[in-house]
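If you want the building blocks of each chain, they are given just below.
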Amino acid sequence: MGSRPIGRALHVLGLLFVLGFAVFPFYWMVSSSLKEQTDLLASPPIWWFRPTLANYQDIFADQRVTTAVLNSMIVSTATTILAVLLGTPAAYALARFEFRAKRDLWFWFISNRMISPIVLALPVYLLARELGMLNTHLVLILIYLTFTLPIVVWICTDQFRSIPSDLEQSARLEGANQFDVFWRIYLPLGAPGVAVSAIFAFIFSWNELLYALVLITSQGLKTAPVVATNFMSGYELPWGKIMATGTVIVLPVTIFALIVSRHMVRGLTMGATK
Amino acid sequence: MTSAATRSPGKDTAAEGGLRAGRPATVKRRHHPGYGRWTPFWFLAPAVFALLAIGIYPMLFAVVTSFRRYNITRRADMLDGYPFVGFANYIRVLTDQTFWDSLLLTGRFYLTVVPLEIVFGIGIALMLHRPGLGMLRAITRVSLVVPLATTYAVVGLIGRLIFNRDFGVANQMLGWLGIASSDWLGNPIGAFLGIAVMDIWQWTPFVGLIFLAGLSMVPVEIEEAARLETKSHWALLRYVQLPYLLPGLTAVLILRSADILKLFDMVFVMTRGGPGSATDLVSVYVQRVGFKVFDLGLASAQAILLLVLTILLSRLYIRVFYREID
Numbered sequence: 001m002g003s004r005p006i007g008r009a010l011h012v013l014g015l016l017f018v019l020g021f022a023v024f025p026f027y028w029m030v031s032s033s034l035k036e037q038t039d040l041l042a043s044p045p046i047w048w049f050r051p052t053l054a055n056y057q058d059i060f061a062d063q064r065v066t067t068a069v070l071n072s073m074i075v076s077t078a079t080t081i082l083a084v085l086l087g088t089p090a091a092y093a094l095a096r097f098e099f100r101a102k103r104d105l106w107f108w109f110i111s112n113r114m115i116s117p118i119v120l121a122l123p124v125y126l127l128a129r130e131l132g133m134l135n136t137h138l139v140l141i142l143i144y145l146t147f148t149l150p151i152v153v154w155i156c157t158d159q160f161r162s163i164p165s166d167l168e169q170s171a172r173l174e175g176a177n178q179f180d181v182f183w184r185i186y187l188p189l190g191a192p193g194v195a196v197s198a199i200f201a202f203i204f205s206w207n208e209l210l211y212a213l214v215l216i217t218s219q220g221l222k223t224a225p226v227v228a229t230n231f232m233s234g235y236e237l238p239w240g241k242i243m244a245t246g247t248v249i250v251l252p253v254t255i256f257a258l259i260v261s262r263h264m265v266r267g268l269t270m271g272a273t274k
Numbered sequence: 001m002t003s004a005a006t007r008s009p010g011k012d013t014a015a016e017g018g019l020r021a022g023r024p025a026t027v028k029r030r031h032h033p034g035y036g037r038w039t040p041f042w043f044l045a046p047a048v049f050a051l052l053a054i055g056i057y058p059m060l061f062a063v064v065t066s067f068r069r070y071n072i073t074r075r076a077d078m079l080d081g082y083p084f085v086g087f088a089n090y091i092r093v094l095t096d097q098t099f100w101d102s103l104l105l106t107g108r109f110y111l112t113v114v115p116l117e118i119v120f121g122i123g124i125a126l127m128l129h130r131p132g133l134g135m136l137r138a139i140t141r142v143s144l145v146v147p148l149a150t151t152y153a154v155v156g157l158i159g160r161l162i163f164n165r166d167f168g169v170a171n172q173m174l175g176w177l178g179i180a181s182s183d184w185l186g187n188p189i190g191a192f193l194g195i196a197v198m199d200i201w202q203w204t205p206f207v208g209l210i211f212l213a214g215l216s217m218v219p220v221e222i223e224e225a226a227r228l229e230t231k232s233h234w235a236l237l238r239y240v241q242l243p244y245l246l247p248g249l250t251a252v253l254i255l256r257s258a259d260i261l262k263l264f265d266m267v268f269v270m271t272r273g274g275p276g277s278a279t280d281l282v283s284v285y286v287q288r289v290g291f292k293v294f295d296l297g298l299a300s301a302q303a304i305l306l307l308v309l310t311i312l313l314s315r316l317y318i319r320v321f322y323r324e325i326d
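Which chain is which? The protein sequence lines are A and B, in order. Residue numbers for the first sequence, in the working numbering: 1 to 274. Residue numbers for the second sequence, in the working numbering: 1 to 326.
Simulated from the structure, these hints should not be mistaken for lab results. Here the structure is a predicted model, which is why all the values come from computation and not from measurement. We treat Cβ as the ideally placed atom computed from N, Cα and C, and that holds for glycine. Heads up, some of the hints might be wrong.
The calculated lysine to any residue pairs, modelled on SDA-like cross-linking and capped at a C-alpha distance of 20 angstroms, are [what the hints assert, rightly or not]: (1) B:K292 - A:L134; (2) B:K292 - A:M232; (3) B:K292 - B:A76; (4) A:K241 - A:D58; (5) A:K102 - B:A45; (6) B:K292 - B:G274.
Quick list of simulated restraints, FRET-style, between CB atoms [said to hold, decoys possible]: (7) A:R100 - B:G276: 50 to 58 angstroms; (8) A:T38 - B:L237: 48 to 56 angstroms; (9) B:V293 - A:M73: 32 to 40 angstroms; (10) A:A191 - B:S216: 25 to 33 angstroms; (11) B:M173 - A:G7: 25 to 33 angstroms.
Okay, chain A solo, but in the shape it has when bound (with noise of 0.2 angstroms):
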């Protein structure tokens, strides 16, 4: 039995290196956001320095990552309250009826996981130039709804279909309508799968460049991920405030991603592995 401790150790080893690998990157952004340009940019860069919060309150101080930050909020939360409202119902009644052309219905709202972003985005910019909506909240938000409705329509289907269907029946039986049903059963018993799907639908909504970037031109009005890509242009980058900014902008999806963490792969798939 001599391989077992060995075999023990590379299976330590590989493990760190997998977290290793997983976290640099972010580990990397995080201390870059924390040293002095001269630290930044030295070279070959050193990896001990005496951290500083300077980038932090630069950026703070500067009203165009704070407005974005903001902008991105209000975007993100609307529409995922909008898409929990609209597909919500629209689960219920996928995972409780019987009717033509569910299935169509269903492979509809799933298929809407593969539509490239760059597709669509060409029409709705010259509707919303038409419509005079270039450079609002409420096109980001409503085109949102392409990808944030059919992730909640699918976890909460899901989520529905596992509540036992005689809680409905009895329900029925002391009169209660079918909103009632969905409103009063449904709902609060589904909570923690409508919680996953909206937590699923802000972290998409929150990590979206293209549409945000071509819908969205006037300064005030653009989300965090252009105003930090805009950082990107000049001739002395100014790294530690990119980085700063990255920070910002990563650590609450960060956040909620661990906490559905179990849930990564049915979101990302929509469901393909259980």
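Go by the hints and put chain B onto chain A.
Leaving out everything else, chain B in the frame of chain A:
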């Protein structure tokens, strides 16, 4: 409404239990007595109409636009009322070498990153599945969520810092291995490898977690019996675990192809498709035609062709994965 009273209507319970146990198709409707034909419609209508208005309508608009001369920066086009030009835009796309090059490059990118993500992913899944080291395994598993949650645009920003010629940590690490430093994002091959590395970083955890889900489907008794039979990890993988990995593999192949067709944010931030056209993946190219050149007729035709490709992919995906769902 007390839950105890609603939960046990007494005499009904046995009959219902019997129904649920058997669940024959013919009595399925009796689960929901008394809902009208239109009831599901009212629950579905808001979501369906929202998706029709924001998803399908713009797509139809794109189809119409793809048959027009529609460059919003050319006054002549506007004065002509963006005239219909038949299939001219499609002919331009199909004869446009740059478009084909960008599709080809996207294919090459897929063939570069996906096999590596699959190999690393299986390795990660096996390590996370192997018994022992509970704490370290749990931490590692959770850490895989970090790349998946990172804003794609920020991945591009990090990539630009890591692969910087002068103060990038990639060159430093390669230096430790005795490899000379180079200007990654300044040369075609380096830039291609740079975006490939960032993609592998972000998506290998996804692939690994899919395979881990597959491994956990192997019945415990079978796996333990096999472990008693053989000490060879390879035999265990090949004859016991592999069949359970195959559905995940198909999911990875299809979803990654859809996602790489979509891939824009990270590449746009990291290289803008350059240097030259070295990282000009198809989404980046179409975005440039649409929003830098503003030739929206041509860009719409390109987008429609992409859409057709995407629809084929999603039909394939649905056919493979959702057959049994009713």
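Tested hints:
1. B:K292 - A:L134: Since the Cα atoms of K292 of chain B and L134 of chain A sit roughly 17 angstroms apart, the hinted pair holds (cutoff 20 angstroms).
2. B:K292 - A:M232: Within the cut-off at roughly 18 angstroms; holds.
3. B:K292 - B:A76: Distance of about 18 angstroms is within 20 angstroms: holds.
4. A:K241 - A:D58: holds, 7 angstroms
5. A:K102 - B:A45: holds, 13 angstroms
6. B:K292 - B:G274: It holds: about 15 angstroms lies between the C-alpha atoms, which stays within 20 angstroms.
7. A:R100 - B:G276: 50 to 58 angstroms: Taking Cβ atoms as reference, R100 of chain A and G276 of chain B lie about 53 angstroms apart, which means the hint holds.
8. A:T38 - B:L237: 48 to 56 angstroms: About 50 angstroms separates the Cβ atoms of T38 of chain A and L237 of chain B, which means 48 to 56 angstroms holds.
9. B:V293 - A:M73: 32 to 40 angstroms: At 34 angstroms between Cβs, range holds.
10. A:A191 - B:S216: 25 to 33 angstroms: holds, 26 angstroms
11. B:M173 - A:G7: 25 to 33 angstroms: Holds, since M173 of chain B and G7 of chain A (Cβ atoms, about 28 angstroms apart) stay within the stated range.
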